[in-house]
Amino acid sequence: MQKTGRIIRLAGQAPLSGPVTIGPRHLTHGDGKAEPAGKTPMELTEPVRRLADSILAEARQKARRLEEESRQQLARWREQEEAVLARLREEAREQGYQTGWEQGLAEGYRAGAARAEEEWQGRLREINELLWHATQIKEQMIQEAEHDVLLLCLAIVRKVLGQLAEQQEETARQLIRQAFRENRLQGRVRLVVHPSDLPAVETLRHDLSALLEGERLIEIAVDPEVASPGCVIHTEHGTIEATLDAQLATIREQLMALREKRISHEYSPVEVY
Numbered sequence: 001m002q003k004t005g006r007i008i009r010l011a012g013q014a015p016l017s018g019p020v021t022i023g024p025r026h027l028t029h030g031d032g033k034a035e036p037a038g039k040t041p042m043e044l045t046e047p048v049r050r051l052a053d054s055i056l057a058e059a060r061q062k063a064r065r066l067e068e069e070s071r072q073q074l075a076r077w078r079e080q081e082e083a084v085l086a087r088l089r090e091e092a093r094e095q096g097y098q099t100g101w102e103q104g105l106a107e108g109y110r111a112g113a114a115r116a117e118e119e120w121q122g123r124l125r126e127i128n129e130l131l132w133h134a135t136q137i138k139e140q141m142i143q144e145a146e147h148d149v150l151l152l153c154l155a156i157v158r159k160v161l162g163q164l165a166e167q168q169e170e171t172a173r174q175l176i177r178q179a180f181r182e183n184r185l186q187g188r189v190r191l192v193v194h195p196s197d198l199p200a201v202e203t204l205r206h207d208l209s210a211l212l213e214g215e216r217l218i219e220i221a222v223d224p225e226v227a228s229p230g231c232v233i234h235t236e237h238g239t240i241e242a243t244l245d246a247q248l249a250t251i252r253e254q255l256m257a258l259r260e261k262r263i264s265h266e267y268s269p270v271e272v273y
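Its first residue numbered 1, the sequence shown is counted upward by one per residue in full-length UniProt numbering.
The reader is advised that the hints may include incorrect statements.
[Said to hold, decoys possible] Listed next, with one range per pair, are the computed distances between beta-carbon atoms: (1) PRO195 x ILE137: 51 to 61 Å; (2) LEU130 x ASN183: 43 to 53 Å; (3) THR250 x LEU130: 37 to 47 Å; (4) GLN167 x LEU130: 46 to 56 Å; (5) ILE137 x GLU225: 44 to 54 Å; (6) MET256 x ASP223: 20 to 30 Å; (7) GLU126 x GLU182: 48 to 58 Å.
No lab work stands behind these hints, which were simulated from the structure alone. Glycine residues also receive a C-beta, built at the ideal position from the N, C-alpha and C atoms.
Based on the provided sequences and hints, a complete structural model is requested.
Shown next, in the form of structure tokens:
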């Protein structure tokens with residue numbers, strides 16, 4: 001009984017036609033007659049053996065070649081996989097570092113900004129405290145200076161008053177003459193003086209008339225309520241007080257105005273917007 005199977009062709013082998021018989025081999029001669037079974041000539045079995053050995057050697061060589069190629073391919077795949085994994089690992093590390101760095105930067109910025117704001121507010125508080133203390137020192141110095149100036153003014157006034165007591169008549173004449181010179185007196189003029197200053201006015205009657213515009217008469221009166229030395233001048237347009245006390249009062253008012261101006265520029269805390 002014969003069995004047939006698939007045709008197997010090795011590289012370089014001519015294609016076969018017809019079925020390949022597997023089983024007892026029937027050799028044929030050139031005349032096409034089959035040789036009886038059971039007879040296997042030695043000269044024909046050796047080529048078959050050599051062919052089988054050749055086929056086996058080629059198969060083994062091909063297997064080794066395939067095994068080597070497979071091993072090399074696996075090695076290349078392993079290297080590629082390791083390279084890809086290394087790249088992905090590096091990218092993940094860099095991404096994580098970048099993310100962490102950015103988060104850290106943002107958190108650091110916020111923390112730094114908070115610290116800077118806290119330090120800045122602290123500095124502002126220190127500056128305000130320093131300004132407050134400086135203002136207190138300044139106020140104390142000004143008060144001490146005002147006290148010293150007041151004492152000095154009182155000393156000067158006492159000295160001046162002492163001199164005026166000796167030269168009261170001359171002082172009265174200077175005050176009256178200055179009042180007439182600095183004010184353009186028109187219309188009726190009434191000059192009121194302290195009784196003690198009347199002699200000084202009598203000596204000035206001619207000079208005062210020359211200081212008036214046009215031909216005008218001067219009415220001279222005495223009043224013990226008028227401060228001496230000096231005078232009070234009444235005209236149609238108002239009253240002029242030209243006494244030493246009035247001048248001292250004017251000086252005092254000017255000093256008070258300067259003091260009020262200084263107080264209006266009092267300390268105010270530093271503000272930053």
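Hints, verified against the model:
1. For the pair PRO195 and ILE137, the beta carbons lie near 52 Å from each other, so the given range of 51 to 61 Å is met.
2. The hint said 43 to 53 Å for the Cβ distance between LEU130 and ASN183, and at roughly 52 Å that hint holds.
3. Taking 37 to 47 Å as the suggested C-beta distance range, the pair THR250 and LEU130 conforms, at roughly 39 Å.
4. Between GLN167 and LEU130 the C-beta distance comes to about 53 Å, which sits within the given range of 46 to 56 Å.
5. Between ILE137 and GLU225, the C-beta spacing of about 46 Å keeps the proposed range 44 to 54 Å intact.
6. Remark: the range hint 20 to 30 Å for MET256 to ASP223 is upheld by a beta-carbon distance near 28 Å.
7. Against the hinted window of 48 to 58 Å, the Cβ-Cβ separation of GLU126 and GLU182 comes to about 55 Å, which satisfies the hint.
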